[in-house]
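S.K.: So the chains spell out like this:
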Amino acid sequence: NAGVIQTPRHKVTGKGQEATLWCEPISGHSAVFWYRQTIVQGLEFLTYFRNQAPIDDSGMPKERFSAQMPNQSHSTLKIQSTQPQDSAVYLCASSPGGANERLFFGHGTKLSVL
Amino acid sequence: GEKVEQHESTLSVREGDSAVINCTYTDTASSYFPWYKQEAGKGLHFVIDIRSNVDRKQSQRLIVLLDKKAKRFSLHITATQPEDSAIYFCAASMWTDKVVFGTGTRLQVSP
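Chains as they are written, first to last, in the numbering used here: chain A, 127 to 240; chain B, -3 to 107.
Just so you know, these hints were derived from the structure itself, not from any lab. A quick note: this is a predicted structure, and the numbers were derived from the prediction, not measured. Mixed in with the good hints, there may be bad ones.
[What the hints assert, rightly or not] Keeping only pairs whose Cα atoms sit at most 20 angstroms apart, straight-line, the calculated PhoX-like set for lysine-lysine is:
| # | chain 1 | residue 1 | chain 2 | residue 2 |
| --- | --- | --- | --- | --- |
| 1 | B | Lys38 | A | Lys137 |
| 2 | A | Lys236 | B | Lys38 |
| 3 | B | Lys33 | A | Lys236 |
Please model the complete structure; the sequences and the hints are all you need to start from.
M.R.: Okay, structure coming up:
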């Protein structure tokens, strides 16, 4: 079992460009979570899916961020018109059932917006 | 919504001593309290958890205590070793809600 796979590991974009981050959860896990980690804000919840359905996107900046889970084997987080303040490590996690079980985290995607 | 406060931002102990990290939460409906460890340059890794139907859980050198009345839970690491040095995050969740994390405690274990 390869664990949660996130690609790319590093992404550099120019201000105003689009960034798409990919996450492959552990096979058989029904819940997928996205978090953003920065030194200043710590671990911020963005969104989560259970059985591919969006359950809670209360942490998503509404205008430029979107997340999808088109099938059980991957989820994407898209950031349009990236801004320097979007620079962070974006972490994806999956769990067998939901928020009441341990999360398995990927290594993260470090996004740098110049 | 739930808020989790992690009281110690840094903690330094000598090898062999115990380390204690304290967290408080706000929502009485929270029922699951996991702890995660993050080593330098790596993702988060689960270490131990406790559910609201018990008040103590131990796994080898790790002990988690839960005080539901005070809405407080803590991680005790006994007989610390240099490899315990990392950032530790507490978290709280309900079945129907997201997992909310504390701000992290950087633990340094010196020989």
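S.K.: Starting from the hint list further up, note which numbers the structure goes against and sort them upward.
M.R.: Structure breaks no hint.
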